[in-house]
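Asker: Residue numbers (the numbering used here), protein chains in the order written: chain A, 1 to 763; chain B, 1 to 298.
Hint data in this document are derived by calculation from the structure and do not stem from the laboratory. Take the hints with a grain of salt, since some may be wrong.
Claimed, not checked - Have a look at the derived ranges for each label pair, beta carbon to beta carbon: (1) B:40 - A:51: 48 to 56 Å; (2) B:106 - A:121: 49 to 57 Å; (3) B:143 - A:678: 42 to 50 Å; (4) A:70 - B:257: 44 to 52 Å.
To be verified - Partial selection, computed: residues in chain B whose CB lies under 10 Å from chain A: (5) 6; (6) 274; (7) 279.
To be verified - Pulled from the structure, derived: some chain A residues nowhere near chain B, Cβ distances all over 12 Å: (8) 59; (9) 173; (10) 239; (11) 297; (12) 303; (13) 428; (14) 442; (15) 467; (16) 472; (17) 558; (18) 606; (19) 673; (20) 706.
It should be emphasised that the depicted structure is a prediction, and the values quoted were computed from it without experimental measurement. For glycine and all other residues, C-beta sits at the position ideal for the given N, C-alpha and C.
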Amino acid sequence: MNPLYVGKSIPRLDGLEKVTGRAVYSVDLALPGMLHGDILRSPLPHARILEVDLSEARKVPGVKVAISGRDFPFMFGGMIKDQPFLAIDRVRYIGEPVAAVAGESELACQEALTKIRVRYEELPAVFDPRDALAEGAPLLHEGQENYTRFGPFESVPGTNICSTSTYALGNVQAGFEAADEIFTDEFYSHAVAHSPMEVHAALAQYSPDTDSYTVWSPTDGPHRRAKELSDALGIPINRIRFISMYSGGGFGGKGTLVAEGLAVAMARFSKGRPIKVVFTREAELTASQTRHAAIIRLKTGMKQDGTFTARQADIVWDKGAYASKGPDVAKRGSLTVFGPYRIPNLELVSRLVYTNKEIAGAYRGFGTIQVTWACEAQMDIIAEKLGMDPLEIRLKNCMQEEDLYINGQVMRGVGSKETLLKASQAIGWGQAKSSPNGSRRRGMGIATTLKPTVTPSDSYCLIKVSMDGSVTLLSSSVEVGAGQKTILAQIAADTIGVPLHSISVPHSDTSIAPFDFGVTSSRTTFHMGNAVRDAGGKVRRKILEWAQDVLKTDAARLNLIEGKILEEGVGERITLQALLAKIYQRGGSLLEVGHYSSAQSASLQASPDLQYMSSIFWMFATHAAEVEVDTQTGIVKVLKIAAAHDVGKAINPALCEQQIEGSVIMGLSNALLEEFKMKNGRILNDTLADYKLASMMDIPEIIPILVETGHAEGPFGAKGVGELAAAPTAPAIANAIFDAVGVRIRDLPLTPEKILKALREKK
Amino acid sequence: MKRLTPFSYFEPATLAEAVEILSGSKEKAYLLAGGTDLLIRMKRGEIAPPALVNLKRISGLSSIEREGQSGIRIGALTTIAEIEHSSALRASHTLMAEAATALGSPSIRNLATLGGNIGRASPASDMAPSLIVLKARLNISGPRGNKQVGLESFFTGPGTTILQPGELITSVFLPDPAARSGAAYLKLGRGGGMDCALGCVAIFLTLGNTDTEVKEVLVAVGACSAIPMRANKTEALILSGSLTDGHIQEAAMAVAAETSPITDLRASESYRRQMVQVLFSRALKLSWSRARSSKDTH
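Excised from the complex, chain B in its bound form:
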């Protein structure tokens, strides 16, 4: 079995201690949460972190709590399985459970954390597209205090984010969705389970006065560009007309044009482009039908 090469290891007990270690460390320190991605890359020799900071001893980072009437806060160390099974999230943000169920296998979901999934900044993240369309904001702590940023502006490239040395994600805030809204997350992998997405689409949609009038729509696409991306042009196109089969088809062409997929081991560029259209159309129809059947108020 491959063994890890030696590294420095820290187990801070508080957030402040973690920030202090991260800011003070001369070596590049990597954050360890679930370890489902980090440790594999270390074993494969893709990365050789000089230092690991294990965050799991810090209490208070793994809860799912309502924040007044405005929304819900998910701690960064919350596991994907906890998100999948949270009754609070199922009540207000069903999409989160849908995305969580699509990630890896049950054993991976028991270990992997929300903060880890976001911080890894994988273009194929199962969580990011849904978080983007739910207008997630990240709470970040660092040597210069706390701040909040929208997830949409968090990713800068594959594996890279706006996080500065010493900074870490502490929680994710999700505002409550508006009335008459529906959402869907659809993913395509190879085979029926346990695959990294070769394409995925999340849509959040709020209806206006009629069942075909869209008041607000957010579309995010994963695995089809360098970062989990919001499809602004497609959203504008959807808003420009009422929901009909023809309009949905037109929007599907737009989303394929807006993404920039590549050919890799999992799929070719052209297949990805075709699939993003199919996933988009299906997700839009599904979120539309969910919006129509949703209660008028939350």
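Next comes chain A alone, as it looks inside the complex:
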């Protein structure tokens, strides 16, 4: 049966609510008896807390709660339990929460914060991960080996190495010996802010009677957050209820407890009154989470014909003060430093290093964006030296259908080559450059990448059909803005055979909707989509069985389309609503559970002990950029970006294209403009006036291209798109700058000052 909704650019279900301003975000919520919470943050990068005196703060009229870390002495962390809700005896970065107050008004809280007296004993601090690795560096987490670890994350006791991993395949030494040319380069990928429109915000309410918490939050993984709180507080998961809100942009930044943990800590002391915590933009920029900065050293051996003999990669990740999702970023994200290429001999060392800075966490790409910067910049360095065309060298080495991944997994649905061809074609690769005008020079660049999705992982959903035939899809896939609700409704409508408008997709509530790993790693369409296929198929079969009984015919002759039951050769027999009226004469609802786990897929098979590196699907993307560089100012104007993405199958092409367009803008913004200006651990540009994001004036023509290779195990052949999408943008732009003016910038961002300096040095 041809799907009626899947594959079509259906307008998003949340569109009207959002464009009218009626959509409710955590910031907008106001509950009866609600108090406002505010946070006192550390002014020092590293210090012992000797005393926190809250007595004067408690006297401020309207203030109901004033606490410090000693009042709520729990630790949390989804990967490593290394982080206090509020600093207990030590602060490790400027902006770390030290005390919290809640009161009747925001102004009362602000006043109370000024009355808290904290005595610190300053400790030596370390800001550069290379310094933090040095012998005798000040330690952030002495005794870190005693922290609870939820995963194979190896620390190095007595150092600042939060976690480390290595991988080797073949024999790199032999590979280097066989090489005609060896390339050694160091690249730097900088920290950037997620910069969502909606700052971090959450509400929490504690019930003293049942010792339970309710949290209203836009987090991308409500069930995992509930588990993290449960692990931290030592209470069962069912006493922690997460009610999801619309998320005004997450990009990974809302994938850990941020505002939630602070609201929960205060709620414990407010006698049942809910507490709302809303970050200021300053706190969002300086004390939420960032992308990990990374120093990436690549040594690559090449044959003169442009094939690889070996690559050695050494990556140092700048962790900031606490683990957050860093251990997995450093472990899984590092692997794509080998690109979508056939490289016979590999060696990788990845170290994640604590520093006295804002916490780094998950950021769109989960490490892929950083290592792609290095891999793809070096690819052009290699191509130039070998006298090859940048497109040609990529086409020569890119993975093909049924190639083995570096762990031995057979790769299927490999659209690498097609994305290279389509993106390069759309940008006009190989055509003569338009004539330069005055001081301006034009150039083109290309970059490609691949990314796995978190594997294995699980998604569950519930589909409820009410007695009138209307359908409710209960899932914990939060609408983070990418159109999750819409595509899941499209899949449900086509799977069951009901009209799209008969389906509602409420926000997740962990007390009702079953477990989902989270809206992360571009996994929702594939995993939750498959769970919806599972539940929807069960619903459909049940309905057709009932129809068989009611209509006294063979179910095999029946079909359910758009809420109507049709019989082969006869036509419409009965509507779903009329059928259910007969079944549920005294009321009722049809309820089915859907489940998908990638764990059992045979496609994950790999070399012994290496299956953990397999991915249930692989995403491929190529961006090609055309830029114009002003050689007098160093300013880069991006003229055009063609972005080809292998999405498997576009459930909703418009939403896929929007993901690509948004990612290109994000990638361009952090390649050219975004940067933290730091001094002694302090972020100086803590406003959007000085932390520059791309504006409409910076956005080039964007050509999104969907490549649909199809995936045998994906719903309707779909894979994912959102996470990988920003990764090739920065190297494509940098490579285009090199093509235009012959300067190679190895450290992001690509600022006019750096380009101008390089141009002058070249002369």
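Take the given structure of chain A and dock chain B to it, following the hints.
Answerer: Quick look at chain B alone, frame taken from chain A:
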């Protein structure tokens, strides 16, 4: 969300009332017009004004009117967007529209006022360099009556002016430019829009009898010294010869030497110095070409 700490608040209905409040206030009163800068600094706790005097209830301070044959008067409460879209200004002082378009975003321009922009005395003001080269004079009211001062002598440092307690800017007068003149405003920010200038240059130039002879030139530079400054030495150098590529390059070196940029979040001192040369050369060439194609008389 950050809340403002309490302050006294006044809404005078007339200019006289405003002057009276400002002169009589024991606390330091800040003037509120568009609020695009003031309220942000208050929220960030950079300033905590004990009193705010909202000027927006005073009528007659937001018009753009011709003043006989001599020039045009812009009320202090005129928004930057009104300046950007004024057909009267586009006809006689196109440079004002050019500068207005460079300021902030459309939403900021809808609120921000000319008087506020001048009174804030930001070294990086988008309006000040153009106003200086257009020989703007400020009409100021105060407890001792009205007076007029040239904008060039108005600024005393970053955020400070010659305004005495009780005084406020009521309007800006721009004399009509001479025939065979052209002007340009060029600004460099980070990214394509909505940035505070890291360097900006305004030039007004009147040609003499030939297309390469400069009769008069005014150069003002922003974001490269403590105040929006007039580059007198550079002007003298330009006047000392006829306009050639070599002479323009020489003048560009002079303007870089005349400014005193600093390193801050937005740019380094050396980048600013290089950019001021580039902006200057481009602005000079642009105003020159505009002067050549301008009508002989206004």
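Asker: For which of the previously enumerated hints does the structure constitute a violation, in increasing order of number?
Answerer: The structure breaks hints 1, 4, 19; every other hint is satisfied.
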